[in-house]
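Please model the complete structure; the sequences and the hints are all you need to start from.
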Amino acid sequence: MPLLERGRLIDDDWTDVADDLPVPARGRLILPLARWLSDHAPGPQPGRSLGVRLPGDRPTEVDRLVGRFDGLDLIAIRFAGFRDGRGFSMARLLRERHGFAGILRAEGPLLPDQLRFLQRCGFDAVALPEVARLADWQRFLREISVVYQPAADAAATVLAYRHGARAVA
Amino acid sequence: MPHRILTANHLRDGGVVFLAADGGWVRSPEAATIAACADDERGLSTIAATAVADQTVVGPYLVDVTVTDGRPVPVRARERIRVSGPTVPADFRADAASA
Amino acid sequence: MYQYDEYDQRLVDERVEQFRDQVRRRLSGELSEDEFKPLRLMNGLYLQLHAYMLRVAIPYGTLSSAQMRTLATLARRWDRGYGHFTTRQNIQYNWPKLEDVPDMLAELAKVGMHAIQTSGNCIRNVTADHFAGVARDEIEDPRIWAEIIRQWSTLHPEFSFLPRKFKIAITGSPNDRAAVKVHDIGLRMLRNADGDVGFEVIVGGGQGRTPFIGETIRAFLPKQHLLSYLEAILRVYNQYGRRDNSFKARIKILVNALGAAEFARQVEAEWAHLRDGALTLPAAEVDRIAAQFAPPVLPPVAEPIPAFDMARLTDPAFGRWARTNLFAHKVPGYASVLISLKPVGGVPGDATADQMDALADLADRYSQGEIRVTHGQNLVLPSVGKAHLPDLWQQLTALGLAEANIGLVSDIIACPGLDYCALANARSIPIAQRISQRFADIGRQHDIGELQLKISGCINACGHHHVGHIGILGVDKKGEEFYQITLGGKAEEDAALGKIVGPAFSYDAVVDAVETIVDTYLVERRSGERFIDTYRRTGLAPFRARLYGETIDAAA
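Residue numbers (numbering that gives the first Met the number 0), protein chains in the order written: chain A, 0 to 168; chain B, 0 to 98; chain C, 0 to 555.
Calculated from the structure, these hints are not laboratory results. One thing to keep in mind: the hints can contain errors.
Computed beta-carbon distance windows for the label pairs [to be verified]:
#, chain 1, residue 1, chain 2, residue 2, range
1, B, Asp-53, C, Arg-9, 32 to 38 angstroms
2, A, Ile-9, C, Asp-275, 38 to 44 angstroms
3, A, Arg-141, B, Ala-48, 32 to 38 angstroms
Backbone N, C-alpha and C define an ideal beta-carbon position, used for all residues, glycine too.
Given below as structure tokens:
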């Protein structure tokens, strides 16, 4: 599956580890949430990166993950559909309230015009649908240059331009 | 089984159109081709799917009609209004002002 | 009035070019209808029963004369010479061609207007009291806050894919003219014990299939916290509003399921994290926006004003109009003038391009170039010197815009209904036309007095039938149009939902039924009672008896 990370297309070298299989010693691995939260969660190890996947329709799962960010390099949020916007709130909470600093990835049947919203909410990677046209996705990052509201990204808001950084600090 | 005609909206201008016997799209329901059996309907739907794919129309669907003097008249009030346009004259204001 | 600065302008300009490109790609086949539909809806473009429909926002109901002329231009150049003002301070064009819509949006952008978020499951156009800034009973101009909300909610990255659409209304007066209790969020400005101005926050009102009167979840919110508190409400709703059934997805269902107290607790818990954060409104920005809503400089004129009083006393037609179509202005010697878009036999809320242009001229001449749009589908010239009222009335009369029926039985709210709307079950407009013709005698209407009649063509309730003193709901029975009547609804600070009076009436019978209801009121009313007062005293019983005779109780 192609992966759009910070506006560039890259290969996705993360792989899923099923519930009942041993966790490989090396590689970039996505675990089921329950496994990460269990007492037997794998620990840090050179050459291995670990991630978890949250269902985008269960916002309370974010709370279960809070305090378990050590050694976690990636959180993937799988949107149930493009109309299901819960993942946007989950992302902002992970970034802005709980301080998750690893890779935040959006997955699921998303639309190109959601890319900028995803970025603004703190996602830095999007797993594109197989049939996606890259140009369609990148287009949406360029078309609108104005942002009115503070979010999880560093974009300067209209308020900052109008009144200088101090007014909105 | 009821008779049916196939309607859609024209993509470019949004207007109501009907599928005619020659496979073209017409504005008048009187020129619409009337399906009398499931085979007919499948044929119309296939043509409509092509017209959707080549950006001619959007949202095609079949409408139940009764046939009077060879002319299709939709069964439901909704479709009768869709066929004939708003029942409110567009120049009502002129009427009111001159009355 | 608020003037776009370079940032506001850039956003709408970029949005127009974005949509122009999307339309181009749709017409060339690069985009399928499935891909294009969510994009067009986010620009207010629907596909309706007969054609496309473009819904343009009139934020908080305020228009300049230049903007009104642009609305006229759109109607004339790209539509069929008219537009329809809606209950949500929008205007709808019923016949645009898809290929023309980018040009229409570009024309709107030139005067700081747009169709952004007039559709879709996002925060819609924020509505406000149509007398904002000029009403005598006002605490503070709510448009300052409506504009702040407009900017915050525009392309909000977190709240553009909510469970369902989201409507916010705001009033700056204790007398609610914005129907704040039947919105997803209603904000009512008030003064606390210390004399500070803030907001009462009301959540979970709404109409549609499951109507609710909103509940107050915070009695007083200091103004600088407005956006952080709204963000907290929206975040709770975005995460926990139902998404399994679109009929149960509005915030009212969540508030009702949790109970207002528990919903308020969740909002407050969320807000504890957000308050005093990046959304705290800087005074400099509030001041910048407030300065643009500074009231026009109107030298007070001592009352009484002889020219006005003389005309009132000597011309009964002017006197009637002055009784119903004027509203108290905060500056002595001025009035706000309500312009009825409900002529006898007309389409409620429709105006022709020529009427729009003429009104723009009248606004320039008499009302500092300002026009308002009401949620009752009428227009307002907000600040007219009373000495000019007889002249203005003459000119409105010539335009067919001087109907003296504001608040009366023919001042009907009606949705487009089955004549235009793809969702409707029955027609609304012809019912409104026939009722206004039945009550065409304006003297009779004035005798009947205040009576709000509201008609929806389906259960989505765009015609606000739940809160009409008389509400009419169109239903489909086996492909034919029927009409269910409710009585006792009210949209203001003492909001109430109407009760169904009995079995539905046919298209042919419904106007007689309305007349029977009005006649019953005239028989039952005591001195000084309005229709709603009589109903609240008597309940449904006398109306049912007159409408259905003995049969209803036997059948029930």
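Evaluated hints:
no.	hint	in the structure
1	B/Asp-53 x C/Arg-9: 32 to 38 angstroms	holds, 37 angstroms
2	A/Ile-9 x C/Asp-275: 38 to 44 angstroms	holds, 39 angstroms
3	A/Arg-141 x B/Ala-48: 32 to 38 angstroms	holds, 35 angstroms
No hint from the list above goes unmet by this structure.
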